[in-house]
Amino acid sequence: MKQPDSIPSDKQHLSMTVQRYRPEQDDAPVWQSYQVPYDDSTSVLDALHWIKEQQDSSLAYRWSCRMAICGSCGVMVDGTPKLGCKTFLRDYPKGLKVAALANFPIEKDLIVDMNQFLHHLTALKPYLIGQPSSASEPNRQSPEQVKRYQQFANCINCGLCYSACPQFGLNPEFLGPAAIALAHRYNLDSRDQGKAERQPALNSKNGVWSCTFVGFCSTVCPKGVDPAAAINQGKIVSTMDGVIQWFSPKQLDTTPQEPTS
Amino acid sequence: MRQLKTDILIVGGGGAGLRSAIAAAEADPTLKVTLLSKVYPMRSHTVAAEGGAAAVTLQHDSLTAHFEDTVAGSDWLAEQGVVDFFVKQAYQELVQLEHWGCPWSRQASGQVQVRRFGGMKTERTWFAADKTGFHILHTLFQTSLKYPSIQRLDEYFLLDLLVHEQSIVGALAIDIASGELLRIQAGSVILATGGAGRVFQFNTNGGIVTGDGMALAYRHGVALRDMEFVQYHPTGLPGSGILITEACRGEGGILLNKDGYRYLQDYGLGPETPLGQPQNKTMELGPRDKLSQAFWHEQQQGRTIQHPQGDVVHLDLRHLGERYLLERLPFICELAKAYVNVDPVRAPIPIRPAVHYTMGGILTDAHCATSIQGLYAVGECASVGLHGANRLGSNSLSELLVFGKVAGEQAATHCNQVRISDSVLQELANKAAEPIQRLRQGDGTEQWADLRQQLAHTMEQGCGIYRDEQGLSASLQVIADLKSRYQQLKVGDTSLAFNTELLHALELGFSLDVAEAMCQAALLRKESRGAHQRRDADYTKRNDQHYLQHSLACYQAGQAPRIDWQAVDTSIMPPAARLYGGAAKPEAASNTEKTK
Amino acid sequence: MSRKPYQPSMPANWWLKHPAYRFYMLREATVLPLLFFIGSLLYGLYCLSQGEASWLGWLNWMQQPWVMALNALALLASLFHAFTFFRLFPQVMPLRLGGRTLPASWMVAGQWLGVLLVFLALWWLLGGYHGSN
Numbered sequence: 000m001k002q003p004d005s006i007p008s009d010k011q012h013l014s015m016t017v018q019r020y021r022p023e024q025d026d027a028p029v030w031q032s033y034q035v036p037y038d039d040s041t042s043v044l045d046a047l048h049w050i051k052e053q054q055d056s057s058l059a060y061r062w063s064c065r066m067a068i069c070g071s072c073g074v075m076v077d078g079t080p081k082l083g084c085k086t087f088l089r090d091y092p093k094g095l096k097v098a099a100l101a102n103f104p105i106e107k108d109l110i111v112d113m114n115q116f117l118h119h120l121t122a123l124k125p126y127l128i129g130q131p132s133s134a135s136e137p138n139r140q141s142p143e144q145v146k147r148y149q150q151f152a153n154c155i156n157c158g159l160c161y162s163a164c165p166q167f168g169l170n171p172e173f174l175g176p177a178a179i180a181l182a183h184r185y186n187l188d189s190r191d192q193g194k195a196e197r198q199p200a201l202n203s204k205n206g207v208w209s210c211t212f213v214g215f216c217s218t219v220c221p222k223g224v225d226p227a228a229a230i231n232q233g234k235i236v237s238t239m240d241g242v243i244q245w246f247s248p249k250q251l252d253t254t255p256q257e258p259t260s
Numbered sequence: 000m001r002q003l004k005t006d007i008l009i010v011g012g013g014g015a016g017l018r019s020a021i022a023a024a025e026a027d028p029t030l031k032v033t034l035l036s037k038v039y040p041m042r043s044h045t046v047a048a049e050g051g052a053a054a055v056t057l058q059h060d061s062l063t064a065h066f067e068d069t070v071a072g073s074d075w076l077a078e079q080g081v082v083d084f085f086v087k088q089a090y091q092e093l094v095q096l097e098h099w100g101c102p103w104s105r106q107a108s109g110q111v112q113v114r115r116f117g118g119m120k121t122e123r124t125w126f127a128a129d130k131t132g133f134h135i136l137h138t139l140f141q142t143s144l145k146y147p148s149i150q151r152l153d154e155y156f157l158l159d160l161l162v163h164e165q166s167i168v169g170a171l172a173i174d175i176a177s178g179e180l181l182r183i184q185a186g187s188v189i190l191a192t193g194g195a196g197r198v199f200q201f202n203t204n205g206g207i208v209t210g211d212g213m214a215l216a217y218r219h220g221v222a223l224r225d226m227e228f229v230q231y232h233p234t235g236l237p238g239s240g241i242l243i244t245e246a247c248r249g250e251g252g253i254l255l256n257k258d259g260y261r262y263l264q265d266y267g268l269g270p271e272t273p274l275g276q277p278q279n280k281t282m283e284l285g286p287r288d289k290l291s292q293a294f295w296h297e298q299q300q301g302r303t304i305q306h307p308q309g310d311v312v313h314l315d316l317r318h319l320g321e322r323y324l325l326e327r328l329p330f331i332c333e334l335a336k337a338y339v340n341v342d343p344v345r346a347p348i349p350i351r352p353a354v355h356y357t358m359g360g361i362l363t364d365a366h367c368a369t370s371i372q373g374l375y376a377v378g379e380c381a382s383v384g385l386h387g388a389n390r391l392g393s394n395s396l397s398e399l400l401v402f403g404k405v406a407g408e409q410a411a412t413h414c415n416q417v418r419i420s421d422s423v424l425q426e427l428a429n430k431a432a433e434p435i436q437r438l439r440q441g442d443g444t445e446q447w448a449d450l451r452q453q454l455a456h457t458m459e460q461g462c463g464i465y466r467d468e469q470g471l472s473a474s475l476q477v478i479a480d481l482k483s484r485y486q487q488l489k490v491g492d493t494s495l496a497f498n499t500e501l502l503h504a505l506e507l508g509f510s511l512d513v514a515e516a517m518c519q520a521a522l523l524r525k526e527s528r529g530a531h532q533r534r535d536a537d538y539t540k541r542n543d544q545h546y547l548q549h550s551l552a553c554y555q556a557g558q559a560p561r562i563d564w565q566a567v568d569t570s571i572m573p574p575a576a577r578l579y580g581g582a583a584k585p586e587a588a589s590n591t592e593k594t595k
Numbered sequence: 000m001s002r003k004p005y006q007p008s009m010p011a012n013w014w015l016k017h018p019a020y021r022f023y024m025l026r027e028a029t030v031l032p033l034l035f036f037i038g039s040l041l042y043g044l045y046c047l048s049q050g051e052a053s054w055l056g057w058l059n060w061m062q063q064p065w066v067m068a069l070n071a072l073a074l075l076a077s078l079f080h081a082f083t084f085f086r087l088f089p090q091v092m093p094l095r096l097g098g099r100t101l102p103a104s105w106m107v108a109g110q111w112l113g114v115l116l117v118f119l120a121l122w123w124l125l126g127g128y129h130g131s132n
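Going line by line, the protein sequences match chains E, U and B. Letter by letter, the first sequence follows residues 0 to 260 of numbering that gives the first Met the number 0. Letter by letter, the second sequence follows residues 0 to 595 of numbering that gives the first Met the number 0. Letter by letter, the third sequence follows residues 0 to 132 of numbering that gives the first Met the number 0.
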């Protein structure tokens, strides 16, 4: 068998077991094992490429940047959500199992349906609200003000946190870690005035209160976003919101509503 | 075949596509804007840009200076009217992005921070740490969600443009999830499909950067301009080619050969600057073409360092200190640790040049319009004339904002639906569907992966940093051979849903055409200019007398393209020697006109 | 139809499937021995109101080895819960001082210092009682 340039054949091999699901022929996912050559620099994504180019061209997975920034290649590696391009075979000398991201519907092999995720992301109005559009100069924002939200702006939308979240697994309507972290990012931005528009959805039963602080979302986040922190800080905001409403005169009362979109 | 009717179809969900979608939606909210992309927009390769976006910002800077840097950087092959427009618009576009929430890095005063960049006279590069492209892309994507008239077709793959009597009437796409074909009727179409760096073996680009839009416009008779100019970024990681931003050098990083010597001073970029005191347009802050060429010479002379993944030099950042590195270059620290097991705080990063950017592209006028009525192109897939023979780092992120806006507004103004009967449209769509039907039924013996591998190999061999007639001719021969073998392709995966093998096969078809245009243009440009360097004895110098012209690659079915030549707009700044480092000082002093 | 998404379902024992989930469930399960401890305490209060015999009976019951073991478990559980809680606290309420967020490790250390101080205060109070006897 021919080997591509990137992985010479004289290398050591290990067994990589990959979840397959071919919707036109399978009723449920099955496992398939491959003996994959590897060296110190071989990532799970490289190994998938090797399988696709040398063993089975029908293997389907998403990928693009290879440098952990585009967020395409999320997979389960031995049951833990990981970016394929940033997970290395050298760390699994006894072999590994690669599966589609948990908690999402599987479309084909390692490709899952991300539409629910995008729907949740959109529901929380993740953009600056209340900016004048005509100003010709930038707003001032101190480095400290940037720091307040910067961590939550680093989300690459890879979806690993949704795979790590049992609450999302149990209730796909839960807006989930990345979406809430992004809403929190805008709520913390000194330039934004949209908190009141985002809060109803955050306060709703599928908002922050669906989280039980398992905390695994933050563990698996490849970018240190710490969505669990965002959600649980959101609970404090939500509580304050409730307290304020309780004491507010009636005309200011804005009853929490389900998101309409 | 499903059908869809829209006013404006935008292909590509990267920075240029998103910016034009927003511009179109703002220009006329009653128009239906459809944004089609083969990946979710936030996966687009804009995401990987690191260093920043250029615009004249500081008091002591001037539009003239940015103009001069860009034109000199282009080795006088930029369209000067376009550059002039660009430098004037860039600032307002970056401010616009600020108003949309982009987390630009700030000074203590709260004002936007700017950093040094290669080939730029002064600090004018706005940045968001070292993930500027990521933040620009996500800011644009998130902002686009505000506009109800923008409808997305995520994970749809463009198969062909539908052109009727030299006017665009729509496009044919495939829904990747189901494999169904979608016929789209559109009043105007914007191509924002990105570059073609993946035709090379060793590149900084994502897997999606395969030249799709370039090839499709080209096959419909739109010329590809200046395709021989392919930018090697001087600092990619060995093995993977992962990008290590120019901002490393902007912040003061230095390049060392195996003797620990700052070799750039030997290549017209000196004198050596003191450690920790980088100087604009000098040493490590020279332009990318010169730095990549210097590496090549060091390699030839055996002064590079042996690394398990090939020859490298060292990028040393240690003197910047841990705190500064984690503030300014956190992503670089993360990448170096993950992919070459080096902590830049403690050790130099091994790097080598890697293909990064396609300067050339779909020929457009200054308004992003192509020769097909209603078809626009913008961003890396286009050649609006900004970069010429060599792009300056941080000009392209600004480009996709400035010209994304232009393209969106133009497409909105000129999106009158061409009157076309449904049957004619369907006929066009059926014809456009033929290649994919052939691939699906193909019963040959050739494998997509083999062909792609050989293409990437021959491009690296014949069309790399230095080129000669022999190598280019050999590559053209290989490409011709690959194109004929492509007709015998066998797609093993016969399924409809997420048939990524089929998509890779289609991308390979696009890449072959684009690669051929690159080699043919390179073969016929018998001079050395910017990123195009010839080793043939008579062609090692710039030759303004014969080649102060754009190359235009014109598609010819079944053979290499015809190369036409187009005059360059040099109306503002006449051609002169391109000097950096100490040699540039007298020249720089003579034209420091302040316009801002 | 080529598209046929496979809907995965969460098995009832999902919480046994990953170390992170087992850790989470252990954290949540600390409530069980604590419930026993609080129940015992409430029963003690009730006994106190029922006269001396009842109170002594409760004291006797509390000294049975299995009750003592369960209460020791409750102590361990509450320490473990505190350990997990203290680690999560900086995520929920990051403290900012002069524009900088306090390092999480400082906040965790601060909380344990608080625990230590409470223990010392209690020890001093109880020690004082025995001392005067």
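Please keep in mind that the hints were generated in silico from the structure rather than gathered at the bench. One thing to keep in mind: the hints can contain errors.
Now the in silico label distances, taken between C-beta atoms and shown as ranges [as the list claims (entries may be wrong)]:
no.	chain 1	residue 1	chain 2	residue 2	range
1	B	Leu124	U	Arg317	29 to 39 Å
2	E	Glu136	U	Asn542	44 to 54 Å
3	U	Arg317	B	Ala28	45 to 55 Å
4	U	Ser370	E	His118	52 to 62 Å
Heads up, simulated BS3-like pairs for lysine-lysine below, C-alpha to C-alpha not over 30 Å straight-line [claimed, not checked]:
no.	chain 1	residue 1	chain 2	residue 2
5	E	Lys234	B	Lys16
6	B	Lys16	E	Lys85
7	E	Lys234	U	Lys145
8	E	Lys194	U	Lys145
9	E	Lys93	E	Lys124
10	E	Lys10	U	Lys257
11	B	Lys3	E	Lys234
Partial chain U-side listing against chain E, Cβ under 8 Å, derived [stated by the list, open to error]:
no.	residue
12	Gly80
13	Lys87
14	Gln91
15	Arg105
16	Gly275
17	Gln276
Ideal Cβ positions, reconstructed from N, Cα and C, are used throughout, including at glycine.
For each hint, the structure was consulted:
1. Leu124(B) <-> Arg317(U): 29 to 39 Å: violated (56 Å)
2. Glu136(E) <-> Asn542(U): 44 to 54 Å: holds (45 Å)
3. Arg317(U) <-> Ala28(B): 45 to 55 Å: This hint holds: roughly 49 Å between Cβ atoms.
4. Ser370(U) <-> His118(E): 52 to 62 Å: Given about 40 Å between the Cβ atoms, the range is violated.
5. Lys234(E) <-> Lys16(B): Distance of about 28 Å is within 30 Å: holds.
6. Lys16(B) <-> Lys85(E): holds (23 Å)
7. Lys234(E) <-> Lys145(U): holds (26 Å)
8. Lys194(E) <-> Lys145(U): holds (15 Å)
9. Lys93(E) <-> Lys124(E): Violated, at about 45 Å.
10. Lys10(E) <-> Lys257(U): Given pair Lys10(E), Lys257(U) holds - Cα atoms ~28 Å apart, limit 30 Å.
11. Lys3(B) <-> Lys234(E): violated (37 Å)
12. Gly80: With a closest approach of 24 Å, the Gly80(U) hint is violated.
13. Lys87: violated (13 Å)
14. Gln91: holds (7 Å)
15. Arg105: holds (5 Å)
16. Gly275: violated (22 Å)
17. Gln276: Since chain E brings no Cβ nearer than about 23 Å to Gln276(U), farther than 8 Å, the hint is violated.
In terms of the numbered hints stated before, the structure departs from hints 1, 4, 9, 11, 12, 13, 16, 17, listed from lowest to highest.
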